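Engineer: Given these sequences and hints, build the entire structure.
Just so you know, the protein sequences line up as chains Z and U, in that order. For what it's worth, the working numbering labels the leading residue of the first sequence as 5, then goes sequentially. For what it's worth, the working numbering labels the leading residue of the second sequence as 226, then goes sequentially.
Hints were generated in silico from the structure; no laboratory data involved. Because the structure is a prediction, the values reported are computed rather than measured. Heads up, some of the hints might be wrong.
[To be verified] Restricting the straight-line Cα-Cα distance to at most 25 Å, the calculated cross-link-like pairs of lysine-lysine (PhoX-like) are: (1) Z:K40 <-> U:K247; (2) Z:K48 <-> U:K247; (3) U:K302 <-> Z:K44; (4) Z:K26 <-> Z:K45; (5) Z:K44 <-> Z:K13; (6) Z:K45 <-> U:K247; (7) Z:K75 <-> Z:K40; (8) U:K274 <-> U:K294; (9) U:K283 <-> U:K294; (10) Z:K44 <-> U:K339; (11) Z:K48 <-> U:K274; (12) U:K302 <-> Z:K45; (13) Z:K40 <-> U:K274; (14) Z:K23 <-> Z:K40; (15) Z:K40 <-> Z:K26; (16) U:K339 <-> Z:K45; (17) Z:K45 <-> Z:K23; (18) Z:K44 <-> Z:K23; (19) Z:K13 <-> Z:K71; (20) Z:K45 <-> Z:K75; (21) U:K274 <-> Z:K45; (22) Z:K56 <-> Z:K71; (23) U:K283 <-> U:K339; (24) U:K247 <-> U:K339; (25) U:K247 <-> Z:K44; (26) Z:K75 <-> Z:K48.
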Amino acid sequence: DTAVSQTPKYLVTQMGNDKSIKCEQNLGHDTMYWYKQDSKKFLKIMFSYNNKELIINETVPNRFSPKSPDKAHLNLHINSLELGDSAVYFCASSSHSGNTIYFGEGSWLTVV
Amino acid sequence: AQSVAQPEDQVNVAEGNPLTVKCTYSVSGNPYLFWYVQYPNRGLQFLLKYITGDNLVKGSYGFEAEFNKSQTSFHLKKPSALVSDSALYFCAVRDGGGHNNDMRFGAGTRLTVKP
Numbered sequence: 005d006t007a008v009s010q011t012p013k014y015l016v017t018q019m020g021n022d023k024s025i026k027c028e029q030n031l032g033h034d035t036m037y038w039y040k041q042d043s044k045k046f047l048k049i050m051f052s053y054n055n056k057e058l059i060i061n062e063t064v065p066n067r068f069s070p071k072s073p074d075k076a077h078l079n080l081h082i083n084s085l086e087l088g089d090s091a092v093y094f095c096a097s098s099s100h101s102g103n104t105i106y107f108g109e110g111s112w113l114t115v116v
Numbered sequence: 226a227q228s229v230a231q232p233e234d235q236v237n238v239a240e241g242n243p244l245t246v247k248c249t250y251s252v253s254g255n256p257y258l259f260w261y262v263q264y265p266n267r268g269l270q271f272l273l274k275y276i277t278g279d280n281l282v283k284g285s286y287g288f289e290a291e292f293n294k295s296q297t298s299f300h301l302k303k304p305s306a307l308v309s310d311s312a313l314y315f316c317a318v319r320d321g322g323g324h325n326n327d328m329r330f331g332a333g334t335r336l337t338v339k340p
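Structural biologist: Set out below in structure tokens:
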């Protein structure tokens, strides 16, 4: 069973469109994250939610909006997609103590 | 805020030789240190961590890392490299005294093990 699963794995879309990436974890963790990995493989945190409450909100355009319906899910919605949004987006989760973060397999977003 | 530096973009070693991937950190509180590995087109996989206790920690696939407080380092090591170890390695740090779960990653080091 996949511990942190995210869909879709690949997404190709046109500029200006709105898209969502879904994430679910079955580890019973309280904290979930979204990370962005750019073309140079640099990994940057975008958001962190603890028990559905926003904890970390890095400098990210407000076109990006996370939604956490429950503590097992953290979806990422992106409005008005731009070319620079092309990247790999990783969902992750950890226990409240946050010692080890477990990552999903990533969602490859390409904006054309 | 905490940060991590991985000074080498690329490390090349021959199979069977020992390998070291370097990492230094900066944190105001207690350092919680981690190593992750990323294979092509995959997510990051946890290798090992240091929270407290012995400075030498052992992890998956024969990897180990040594916490050195005076040098603020947490280098990843393996006594004998395998071709299958070739991947991208990330060091990460979290402030153990922090009130959130903010983990910061280094820029990554690409390890290539040649037969």
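Engineer: For which of the previously enumerated hints does the structure constitute a violation, in increasing order of number?
Structural biologist: 20
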